[in-house]
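**Student:** The lines below spell out each chain.
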Amino acid sequence: MSLGDSSTELGKIRGLGSAREGGEHWIAERVSSVALLLLGVWLIASLLMLPGLDHGTLREWLRTPLGAVPMALFVITAFYHGLDGMKVVVDDYVHEPGNNFALNTLLLFLAVGGAAFALFALGKIAFGGAA
Amino acid sequence: MAEQRERPLSPHLGVWRWGPGMTASIFHRISGGALTVAGLAVLTWWLLALADGSEAYGDFAAIASTWVGIVVLVGLTWAFFQHLLSGIRHLVMDTGENLELRANKNGAILTFVGAILLTAALWFYILGVAE
Numbered sequence: 001m002s003l004g005d006s007s008t009e010l011g012k013i014r015g016l017g018s019a020r021e022g023g024e025h026w027i028a029e030r031v032s033s034v035a036l037l038l039l040g041v042w043l044i045a046s047l048l049m050l051p052g053l054d055h056g057t058l059r060e061w062l063r064t065p066l067g068a069v070p071m072a073l074f075v076i077t078a079f080y081h082g083l084d085g086m087k088v089v090v091d092d093y094v095h096e097p098g099n100n101f102a103l104n105t106l107l108l109f110l111a112v113g114g115a116a117f118a119l120f121a122l123g124k125i126a127f128g129g130a131a
Numbered sequence: 001m002a003e004q005r006e007r008p009l010s011p012h013l014g015v016w017r018w019g020p021g022m023t024a025s026i027f028h029r030i031s032g033g034a035l036t037v038a039g040l041a042v043l044t045w046w047l048l049a050l051a052d053g054s055e056a057y058g059d060f061a062a063i064a065s066t067w068v069g070i071v072v073l074v075g076l077t078w079a080f081f082q083h084l085l086s087g088i089r090h091l092v093m094d095t096g097e098n099l100e101l102r103a104n105k106n107g108a109i110l111t112f113v114g115a116i117l118l119t120a121a122l123w124f125y126i127l128g129v130a131e
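Chains as they are written, first to last, in my numbering: chain A, 1 to 131; chain B, 1 to 131.
Mixed in with the good hints, there may be bad ones.
With the C-beta cut set under 8 Å, the calculated list includes, among others, these residues of chain A facing chain B [to be verified]:
(1) SER33
(2) LEU37
(3) HIS55
(4) GLY82
(5) VAL89
(6) GLY114
(7) PHE117
(8) ALA118
(9) ALA121
(10) LEU122
(11) LYS124
EDC-like cross-link-like pairs, simulated, lysine to aspartate or glutamate; straight-line CA separation at most 20 Å [as the list claims (entries may be wrong)]:
(12) A:LYS124 with A:ASP54
(13) A:LYS124 with B:GLU55
(14) A:LYS124 with B:ASP52
(15) A:LYS124 with B:ASP59
(16) A:LYS87 with A:GLU29
Examples of chain B residues lying across from chain A (beta carbon under 10 Å, computed) [claimed, not checked]:
(17) LEU35
(18) VAL37
(19) LEU40
(20) ALA41
(21) LEU50
(22) ALA51
(23) ASP52
(24) GLY53
(25) SER54
(26) ALA56
(27) GLY87
(28) LEU91
(29) LEU122
(30) ILE126
These are computed hints drawn from the structure, not numbers from a lab.
Ideal Cβ placement from N, Cα and C applies to all residues, glycine included.
This is chain A alone, in the form it adopts within the complex (with noise of 0.2 Å):
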């Protein structure tokens, strides 16, 4: 039994008992609200002890590693998190298994394209030229 492997070896056989799945979602949830406790704290440090928040230091401040690459995995881990912690509320509450499918797709696609977005944002800010 792996970390999070939330059946027991006899539910395995018959088939039956836990949810199965549950038990990986529940450590990934948790896990990736270790990575944003540490990240979001970077964050608003960061924001804090910049010089100014003009459009000029910030993005000098965008363009070096150690702002890019913490930035990057913040925003990959912030819509990773929100999306799982969004389908825990979607499970809880909407059980017509249908709406809950519809529900949980559009959110997955609005997460991933969200993502996108920021991400496309970040890497031109990072890798393009000074403005």
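Given the coordinates of chain A, work out where chain B should sit on it, guided by the hints.
**Tutor:** Below, chain B alone, put in the same frame as chain A:
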């Protein structure tokens, strides 16, 4: 045939006396939802505006510094700290610690006090520097 009797229902939300633990729990969901929907939208918009150039960033900064913009940003910072502190509380409880009634209640109250204090400290600092 036996007389049909109303079967007892399991207790639901309405039968419990409202307490700090329940409040922390629902605020964890509300703040998480707010951070995912509004927080990630603002983050993506901010990065896209930064990537677009100083004119687009000026538009973003102008909207962000209206009173509506500041209320949204203060609200998001508060949601961030509330979710962060109550997330830490959940990670502690996941290890099986702090489940005794009194300690657990105090932990729930601490998340609210801490989130308000951190939000206030952050914004007094930001607005103090901006003066």
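**Student:** Quick one, is the ILE126 (chain B) hint okay against chain A at 10 Å, beta carbons?
**Tutor:** holds, 8 Å
**Student:** Given the hinted pair LYS124 (chain A) and ASP59 (chain B), is their alpha-carbon gap at most 20 Å?
**Tutor:** With Cα atoms ~19 Å apart, LYS124 (chain A) and ASP59 (chain B) stay inside 20 Å; holds.
**Student:** Just to be careful: measuring from the Cβ of GLY53 (chain B) to every Cβ in chain A, is the smallest value less than 10 Å?
**Tutor:** holds, 6 Å
**Student:** Checking hints one by one. Is ALA118 (chain A) an interface residue toward chain B, by the C-beta closer than 8 Å rule?
**Tutor:** With Cβ-Cβ at 4 Å, under 8 Å, it holds.
**Student:** Interface hint check: PHE117 (chain A), Cβ to nearest Cβ on chain B, cutoff 8 Å. Holds or violated?
**Tutor:** With a minimum Cβ separation of about 5 Å from chain B (threshold 8 Å), the hint on PHE117 (chain A) holds.
**Student:** Should the hint that GLY114 (chain A) touches chain B count as held when the rule is a Cβ pair under 8 Å?
**Tutor:** Holds, about 5 Å.
**Student:** Taking the least C-beta to C-beta distance, is ALA56 (chain B) closer than 10 Å to chain A?
**Tutor:** holds, 9 Å
**Student:** Can you confirm whether the C-alpha distance between LYS124 (chain A) and ASP54 (chain A) stays at or below 20 Å?
**Tutor:** holds, 18 Å
**Student:** Holds or violated: is there a CB of chain A closer than 10 Å to the CB of SER54 (chain B)?
**Tutor:** At 4 Å from the nearest chain A Cβ, SER54 (chain B) passes the 10 Å test, so the hint holds.
**Student:** Should the hint that LEU50 (chain B) touches chain A count as held when the rule is a Cβ pair under 10 Å?
**Tutor:** holds, 6 Å
**Student:** Report holds or violated for the interface hint on ALA121 (chain A), using the least CB-CB distance to chain B and a cut-off of 8 Å.
**Tutor:** holds, 4 Å
**Student:** Using 10 Å as the Cβ threshold, decide whether GLY87 (chain B) counts as touching chain A.
**Tutor:** holds, 5 Å
The earlier numbered hints are all upheld by this structure, with none contradicted.
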